[in-house]
Amino acid sequence: MAAKTFDEMLSGANGVRKPYEGVKRWLDATSPERLDATRAEVDLFYRRHGITFGAYGAAEGHETTIPFDIIPRVIAWDEWEYLHKGLVQRVRALNAFLADAYGEREICRAGVIPEQQVLMNAEFVAMAQGLELPGGVHAHIAGIDLVRVGEKDFYVLEDNVRTPSGVSYVLENREVMMRLAPELFSAMRVMPVADYTEELLQTLRSVSFSDDVEPNVVLLTPGHYNSAYFEHAFLADEMGIELVEGSDLFVDEGRVYMRTPRGPQRVDVIYRRLDDAFLDPLAMRPDSYLGVAGLLGAVRAGRVNIVNALGNGVADDKSTYTYVPEMVRFYLGETPILQNVPTWRGDRPDDLKYMLEHLPEIVVKEVHGSGGKGMLVGPTSSKKEVTEFAELVKARPDNYIAQPTLALSTCPTFVAKGVAPRHVDLRPFVLSGRKITIVPGGLTRVALKEGSLVVNSSQGGGTKDTWVLAPDA
Amino acid sequence: MLSSTAQNLYWMGRYLQRAKTTARLIEATQRMALQSSGKEAEGVVAIFGMEEEFRQSQTQEGQTQRQGRKLSDLVDFLAFDETNPSSIVSSIGAARRNAREERNNITVDVWESLNGLWLELQAKLRGKRTNLDRGALIESVKKQAVMIFGAAQVTLLRDEAYNFFQLGAFLERGDNTARILDIKYHRLLPDGRPHSESLDYFAWSEVLACIGAVRTYRRIYRSALDPMKVAELMMLRRDVPRSVHHCLWMVDLSMRELADVYGTRGEADRLAGELHARLRYVRIDQVFDIGLAKYLGGVRDDIATLSNEIGRQFLLD
Chain H
1 MAAKTFDEML SGANGVRKPY EGVKRWLDAT SPERLDATRA EVDLFYRRHG
51 ITFGAYGAAE GHETTIPFDI IPRVIAWDEW EYLHKGLVQR VRALNAFLAD
101 AYGEREICRA GVIPEQQVLM NAEFVAMAQG LELPGGVHAH IAGIDLVRVG
151 EKDFYVLEDN VRTPSGVSYV LENREVMMRL APELFSAMRV MPVADYTEEL
201 LQTLRSVSFS DDVEPNVVLL TPGHYNSAYF EHAFLADEMG IELVEGSDLF
251 VDEGRVYMRT PRGPQRVDVI YRRLDDAFLD PLAMRPDSYL GVAGLLGAVR
301 AGRVNIVNAL GNGVADDKST YTYVPEMVRF YLGETPILQN VPTWRGDRPD
351 DLKYMLEHLP EIVVKEVHGS GGKGMLVGPT SSKKEVTEFA ELVKARPDNY
401 IAQPTLALST CPTFVAKGVA PRHVDLRPFV LSGRKITIVP GGLTRVALKE
451 GSLVVNSSQG GGTKDTWVLA PDA
Chain U
1 MLSSTAQNLY WMGRYLQRAK TTARLIEATQ RMALQSSGKE AEGVVAIFGM
51 EEEFRQSQTQ EGQTQRQGRK LSDLVDFLAF DETNPSSIVS SIGAARRNAR
101 EERNNITVDV WESLNGLWLE LQAKLRGKRT NLDRGALIES VKKQAVMIFG
151 AAQVTLLRDE AYNFFQLGAF LERGDNTARI LDIKYHRLLP DGRPHSESLD
201 YFAWSEVLAC IGAVRTYRRI YRSALDPMKV AELMMLRRDV PRSVHHCLWM
251 VDLSMRELAD VYGTRGEADR LAGELHARLR YVRIDQVFDI GLAKYLGGVR
301 DDIATLSNEI GRQFLLD
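Line by line, the protein sequences are chains H and U.
Just so you know, the first sequence maps onto residues 1 to 473 in my numbering.
Just so you know, the second sequence maps onto residues 1 to 317 in my numbering.
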């Protein structure tokens, strides 16, 4: 791994990398005061729009906006082409694995992945066994987190195939950038992203069990207290579909209906932004008020499809992650294009020994953790934190994995003291229906604290607009 | 469209209208208080049926307060008290909650104007109350509420959701005007006789100001203020957009649109048509023969019944 941090603007042969030449000129020509004024404008825009992020349980009026950085993150066309190929390959393999994991489990019988990795997984949902889904697709919407450490070195940090969020920021950030920096925008040829919701709707429609030309698609949200509620409302609005809560739906004779003043209307596809456990109080958590009683029965009967499919957690937890390159080889017979970060597994004695000996240098994560919680970033942690975390790992080694501390690439970012490099990652959104589509770019998250490697919005991360440059004509 | 959408839009209309009425009432009351020495505070509280709550909020803060502070206390109670469910800030908060749940069913213009008002209230009320310019904030609420309704008029798709929004707004507005007239009339003319000897000009113009119709009165009647004409204007004039008749006409229209869409009619449709017809064909002298208080009481009761019937017929009860 590269020891020196790769800066996406400045680590070029003569000071500036080619894709960033336009941005550099713009930065040099724009005064800090102007940038500051622009930033204030952005915040106002986001608040008035209500593009907010509310933590669970926070009182009304405590919605906050995710900081948006006005300096775009730029990706050259050839870089994107490479990522695109790699992402398509990886998601095809993940989908093949999910169909297999809830089917014959040939990959286990072939000895590539131990069966207990699937069956003993806390995210394995027995009710999903034997499901035959339209197109064989389980992960319709995948958010693949990528990091860059060098000119040619990209790694997959994690796969998100349950209910990945953040795409509304991709679209809104673009709207904001076009409004705030039209001169810069027009000087660079940026691939558009606005067709995402159209592609999403096509994807959702294409996986209906019914052969209705216009299947009824709805978006199921846990409600307006959910931190991603803005995104749910935004996507439903953009697609022109109903935004429903569990109480809007009911199951009758194996079919799902929504309540309307006209009477019940049949639902064919549910884009659910609700975790598996809450979907159906009859099948999963009985105390869930968010779900729909009998929903999973309707799914099993092939009367309604839910997106993403049930039980996808077996494919994206941090211990299954280590097997994804094997999945690519096994199901597709191809060499993996995108690399995994080398990972030590707590359930392997040798790996565990190494982890415990090197805690101050590495990053340790909970197998089922998310949102930047339940993890230890060795180099930035105190001795006490390291010692405490070691006890957690020793108590349940199989609950942890570890990775080397990656020197994530940096991008110029506008912070309190001016423009400075900050670490970034990238989450492209991969849509799989009858075909696979990826809108160019994705969500760039940026760690706003100097030196910080944690980009999660719940941990003080911000976002940037991601510009994939059009190929030279 | 979902039943829950119908419900949210209906209540969004009601809460927005309630906030707007309250803002106007407060302004009228303040003007009135500056020009006379009456007990306007209690009268306004009575319009909302909140006498008991207001008294409690007063005693909680101790008995040391002088009478002179009563008006500003009243404004705070009606406008900025979050524990008062009918206050402006509570109503705007509720309307915004309804709107937020229906982000995908209203236009960006409606959402942004409502969210903008809510943000302004939040920002102002979080600061020191002593520095708060109450008059300016209430003025701002009034203006922005008009803009929100304007945004709804020029941008919303004329579909079922729009009709539920209209239904809520006009039902609330008709009810508000009926309440204002009922209470004010009772305070000014307790015996219900319109031809009282000592006519309080300021008091009667304030009644009109509560629905912003002082100039309208002049345009229509071109005569001195007459309590019976004031009652006619507020109750029966179809061309006055805040009159009870006008509002119930609009309610009836929205009900008919919905009946056409759904192809069914129920008790709510019958009641809306009956109420509309009653206000359309009655004469003001007949109203006074029956007794204004009795007549208005009947209308108010039927509006309440209609609201319940709408809930039963369309919404998630």
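Just so you know, not all the hints are guaranteed correct.
[Unchecked claim] If you anchor each label on the Cβ, the simulated ranges turn out as follows: (1) U:V108 / H:P134: 25 to 35 Å; (2) H:H368 / U:L119: 34 to 44 Å; (3) H:F124 / U:D76: 31 to 41 Å; (4) H:G374 / U:N308: 43 to 53 Å; (5) U:L119 / H:A37: 14 to 24 Å; (6) U:G297 / H:A37: 32 to 42 Å; (7) U:V108 / H:E199: 16 to 26 Å; (8) U:R218 / H:M178: 15 to 25 Å; (9) H:R34 / U:L119: 24 to 34 Å; (10) H:M178 / U:R134: 38 to 48 Å; (11) H:R285 / U:N308: 29 to 39 Å.
[To be verified] Non-contacting residues of chain H with respect to chain U, defined by C-beta distances greater than 10 Å in every case (computed): (12) M188; (13) V244; (14) D248; (15) P261; (16) N399; (17) P404; (18) P471.
Keep in mind that the hints were calculated from the coordinates and are not lab data.
Since we're looking at a predicted model, the values are computed, not measured.
For each residue, glycine too, the CB sits at the ideal point set by N, CA and C.
Hints versus structure:
1. U:V108 / H:P134: 25 to 35 Å: holds, 34 Å
2. H:H368 / U:L119: 34 to 44 Å: Since H:H368 and U:L119 have Cβ atoms about 38 Å apart, the given range 34 to 44 Å holds.
3. H:F124 / U:D76: 31 to 41 Å: violated, 57 Å
4. H:G374 / U:N308: 43 to 53 Å: holds, 51 Å
5. U:L119 / H:A37: 14 to 24 Å: At roughly 20 Å between Cβ atoms, H:A37 and U:L119 fall inside 14 to 24 Å, so the hint holds.
6. U:G297 / H:A37: 32 to 42 Å: Given a distance of about 59 Å, which is not inside 32 to 42 Å, the answer is violated.
7. U:V108 / H:E199: 16 to 26 Å: Hint holds: Cβ distance 22 Å, inside 16 to 26 Å.
8. U:R218 / H:M178: 15 to 25 Å: With a Cβ separation near 51 Å, U:R218 and H:M178 fall outside 15 to 25 Å, so the hint is violated.
9. H:R34 / U:L119: 24 to 34 Å: 25 Å Cβ-Cβ, so the 24 to 34 Å window holds.
10. H:M178 / U:R134: 38 to 48 Å: holds, 40 Å
11. H:R285 / U:N308: 29 to 39 Å: holds, 36 Å
12. M188: It holds; H:M188 is separated from chain U by about 28 Å at its closest Cβ, greater than 10 Å.
13. V244: violated, 6 Å
14. D248: About 5 Å separates H:D248 from the closest Cβ of chain U, which leaves it inside 10 Å; violated.
15. P261: violated, 5 Å
16. N399: holds, 38 Å
17. P404: holds, 43 Å
18. P471: holds, 34 Å
This entry does not satisfy hints 3, 6, 8, 13, 14 and 15, going by the numbered hints stated previously.
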